[in-house]
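Visitor: Chains as they are written, first to last, in the numbering used here: chain P, 1 to 418; chain U, 1 to 418.
Hints are not guaranteed to be accurate.
Identical copies carry no separate label here, and so any pair may be met within one copy or between two of them.
[As the list claims (entries may be wrong)] Straight line, CA to CA, 20 Å or less: simulated DMTMM-like cross-link-like pairs of lysine to aspartate or glutamate:
hint	residue 1	residue 2
1	K107	D363
2	K35	D227
3	K197	E46
4	K197	E358
5	K271	D166
6	K130	E376
In case anyone wonders, no lab produced these hints; they're calculated from the structure.
2 protein chains.
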Amino acid sequence: MHGEIITIGNELVSGRTQDLNSWYAAARLTASGLKVIRVTSVGDDENRTADALKRALTSSHYVIVTGGLGSTTDDMTCEIAASALDRPLCIDEQMLQKIESFVRARKITMTESLRKMALMPEGARMINPKGATCGFSLLTGGVHFYFLPGVPDQTRYLIDTFVLPDILSRYDTLPVMRQRILKLYGLNEPRIAEIFKSLEEKIGEVVLGFYPHFPENHITISLRGKDEPTISKTLDRVETAISEMVGAYVFAHDGREMAEVVGGRLLKKNKTLSVAESCTGGLIGNRLTDVAGSSQYFQGGIISYSNQAKMDLLGVSTQTLENHGAVSGETAREMALGVRGSLHADLGLAVTGIAGPEGGSRDKPVGTVNIALSSEEGTFTEKYRFWGKRKQIKLNSAMMALDWVRRYLNGDPFISGI
Amino acid sequence: MHGEIITIGNELVSGRTQDLNSWYAAARLTASGLKVIRVTSVGDDENRTADALKRALTSSHYVIVTGGLGSTTDDMTCEIAASALDRPLCIDEQMLQKIESFVRARKITMTESLRKMALMPEGARMINPKGATCGFSLLTGGVHFYFLPGVPDQTRYLIDTFVLPDILSRYDTLPVMRQRILKLYGLNEPRIAEIFKSLEEKIGEVVLGFYPHFPENHITISLRGKDEPTISKTLDRVETAISEMVGAYVFAHDGREMAEVVGGRLLKKNKTLSVAESCTGGLIGNRLTDVAGSSQYFQGGIISYSNQAKMDLLGVSTQTLENHGAVSGETAREMALGVRGSLHADLGLAVTGIAGPEGGSRDKPVGTVNIALSSEEGTFTEKYRFWGKRKQIKLNSAMMALDWVRRYLNGDPFISGI
Numbered sequence: 001m002h003g004e005i006i007t008i009g010n011e012l013v014s015g016r017t018q019d020l021n022s023w024y025a026a027a028r029l030t031a032s033g034l035k036v037i038r039v040t041s042v043g044d045d046e047n048r049t050a051d052a053l054k055r056a057l058t059s060s061h062y063v064i065v066t067g068g069l070g071s072t073t074d075d076m077t078c079e080i081a082a083s084a085l086d087r088p089l090c091i092d093e094q095m096l097q098k099i100e101s102f103v104r105a106r107k108i109t110m111t112e113s114l115r116k117m118a119l120m121p122e123g124a125r126m127i128n129p130k131g132a133t134c135g136f137s138l139l140t141g142g143v144h145f146y147f148l149p150g151v152p153d154q155t156r157y158l159i160d161t162f163v164l165p166d167i168l169s170r171y172d173t174l175p176v177m178r179q180r181i182l183k184l185y186g187l188n189e190p191r192i193a194e195i196f197k198s199l200e201e202k203i204g205e206v207v208l209g210f211y212p213h214f215p216e217n218h219i220t221i222s223l224r225g226k227d228e229p230t231i232s233k234t235l236d237r238v239e240t241a242i243s244e245m246v247g248a249y250v251f252a253h254d255g256r257e258m259a260e261v262v263g264g265r266l267l268k269k270n271k272t273l274s275v276a277e278s279c280t281g282g283l284i285g286n287r288l289t290d291v292a293g294s295s296q297y298f299q300g301g302i303i304s305y306s307n308q309a310k311m312d313l314l315g316v317s318t319q320t321l322e323n324h325g326a327v328s329g330e331t332a333r334e335m336a337l338g339v340r341g342s343l344h345a346d347l348g349l350a351v352t353g354i355a356g357p358e359g360g361s362r363d364k365p366v367g368t369v370n371i372a373l374s375s376e377e378g379t380f381t382e383k384y385r386f387w388g389k390r391k392q393i394k395l396n397s398a399m400m401a402l403d404w405v406r407r408y409l410n411g412d413p414f415i416s417g418i
Numbered sequence: 001m002h003g004e005i006i007t008i009g010n011e012l013v014s015g016r017t018q019d020l021n022s023w024y025a026a027a028r029l030t031a032s033g034l035k036v037i038r039v040t041s042v043g044d045d046e047n048r049t050a051d052a053l054k055r056a057l058t059s060s061h062y063v064i065v066t067g068g069l070g071s072t073t074d075d076m077t078c079e080i081a082a083s084a085l086d087r088p089l090c091i092d093e094q095m096l097q098k099i100e101s102f103v104r105a106r107k108i109t110m111t112e113s114l115r116k117m118a119l120m121p122e123g124a125r126m127i128n129p130k131g132a133t134c135g136f137s138l139l140t141g142g143v144h145f146y147f148l149p150g151v152p153d154q155t156r157y158l159i160d161t162f163v164l165p166d167i168l169s170r171y172d173t174l175p176v177m178r179q180r181i182l183k184l185y186g187l188n189e190p191r192i193a194e195i196f197k198s199l200e201e202k203i204g205e206v207v208l209g210f211y212p213h214f215p216e217n218h219i220t221i222s223l224r225g226k227d228e229p230t231i232s233k234t235l236d237r238v239e240t241a242i243s244e245m246v247g248a249y250v251f252a253h254d255g256r257e258m259a260e261v262v263g264g265r266l267l268k269k270n271k272t273l274s275v276a277e278s279c280t281g282g283l284i285g286n287r288l289t290d291v292a293g294s295s296q297y298f299q300g301g302i303i304s305y306s307n308q309a310k311m312d313l314l315g316v317s318t319q320t321l322e323n324h325g326a327v328s329g330e331t332a333r334e335m336a337l338g339v340r341g342s343l344h345a346d347l348g349l350a351v352t353g354i355a356g357p358e359g360g361s362r363d364k365p366v367g368t369v370n371i372a373l374s375s376e377e378g379t380f381t382e383k384y385r386f387w388g389k390r391k392q393i394k395l396n397s398a399m400m401a402l403d404w405v406r407r408y409l410n411g412d413p414f415i416s417g418i
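Here chain P stands alone, though its shape is the one from the complex (with noise of 0.2 Å):
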């Protein structure tokens, strides 16, 4: 049960425009439980497109064609459709009828190219006839092609509208399809493709998914079948089998980000935050605060990005500035401390780092960064080292520093340093 999208336009092959409607395609046929091939994007040019059509026809059982249906001259998609396929072009009564309703209705003259678009391959169905916005389908060789408009919002609409409901209608032992998607952090993934390797053979038909998402990995276990229960057992094993091996790494079982995790946490242990922000500049409090409901456990945070600030706001004091640096356990401690005490939060969270490409030396290369947790309990210190470029070493710093505040509320073990 599976097809194919073909999207046509210069815009799309020549980078100016996104092709958002394959993408949007992909993802409701997909969720609907049916399989994407392939996603073909080609210009506006009748070889490329017929070429595109006639393979379709070899591969694919259900073909959605955007793009090309307009009234301008580059707009071509239905003669090449009538060639490609086969089909000889003729006027559509019902299309006729509803291009000179709608050149009655704005009063405006009817005109060679508006009277092109009543031209449809022999056979053609219109989509959404009554509607403002219109496609056609076409059945040849046992292959459904649906041919839509390349405007995103209409194409959209047509699709959920009409296309999905028709391609769905076909089959309907349709099997199932469900997705589970583990996050991780802290996990490198020559690490995770071993672990991967080891589970090959208690897989079965589950189909296991790796996708890197810089500083985060995640693992989607996915299953098709025809028996919702079975399936779901069968991911339950699955999924705690790699948990066995995994599931310290794991932060997210239900597609939540980092800070939601660490946020919901906090509420559930009626705890407050605060942070102190070096080489993160800010970072930690954005993604804190890009969660709705934040005020309620996030208390704030100083950005000390000048040694003064580290001393003046969170009381640094100047012999550990100068004895052990501005990164340094020493100084992050008494940052943690400090903004724990000045936001008079339950806990104060600090990251001092070198964040590059200038400020390294020998003994402290850039991505030295430490990290320190400050609460009722005592104040813990870490220091790591992050590769990368800039954004990559304050994005792994964040990271880390969310992760502590998960790990510390869980009761798990921070992940080591260096």
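Got chain P; can you put chain U on it based on the hints?
Guide: Below, chain U alone, put in the same frame as chain P:
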């Protein structure tokens, strides 16, 4: 001189992830005067991938392939390419050494899946062998294939630094294509559309492009031709015509981000900046510190997410909070003054608003945001109403606040609010 793009990954044909790689590659190739005839996305599927590669072999001069180059079991591009393009797989010594030194540096264990990454089709040449990110190229049947990883940042880097120069070096008679990009903030899309219309007769061969990039709008001005000076002159003329109409809203002519532009102005004027963030929660600090060297002018900030923090750390008076509320021009003014003082900065920038979805009222609906800027010349405040979801309101608030600093340092008036 035409080519095509093939992107590989289940996440693409399932609609889970937007295909940013093909979009970027198409835009870059087109901007360089090359023609892209087709973009094909297939899943991690041997037959479909092989089919796409073989078809490219008969229709294109160059092919950019992304995805499937990692170390997990679904990364099969090397094997498939070897088989489809009839080149046996063999260990690439250069690549193997690279992996071995990576393993040594990170102190991890060499595994089979890591070793697998050194397998490449016979005759393949590494792209960027000295860098952390690499791919490989393969010349076969007169067609240049470039195989790249699927991670967008890496792909972009390799395309710009290696692939594009390599392709271009083969076409010395290629027409020149030059493009200017104007980044605008604060002008709505319908007004830009009107401006485009009025320009249409003046621009001749010049191609104008319009790309909303929330909350910015980007205008591209492109021209293809044989003679570089003529092209430059024409582009200058069109850029001037556009600037006459929308120049006040253009914050960058050179691709820089708003925070980079602001940082450049601060450096030039020898001024330091501090921020007091309420609804933006650290986003402004984060953007400022994404810029390398920002510690030269950014002193830091205070994320005053609670009223207590506004009083304790910024000196906002209880009376002001009681009489006017946390989201008010008066509070913004005291926040800006307070942060400027406590961080010893030349400028104090403050934002307080309602990012939603909760917290709005009849008088102060979600999206109400007050901005204030304090300097030796005094403190200015203004009230805005932004639309959209939480993150969009945060983003617009941060952009507008940064635009205030830019305009202040340029001596330009601020964009007016409500």
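Visitor: May I ask which of the numbered hints given earlier this structure violates, with the numbers listed in increasing order?
Guide: Result: hints 4, 5, 6 break, sorted rising.
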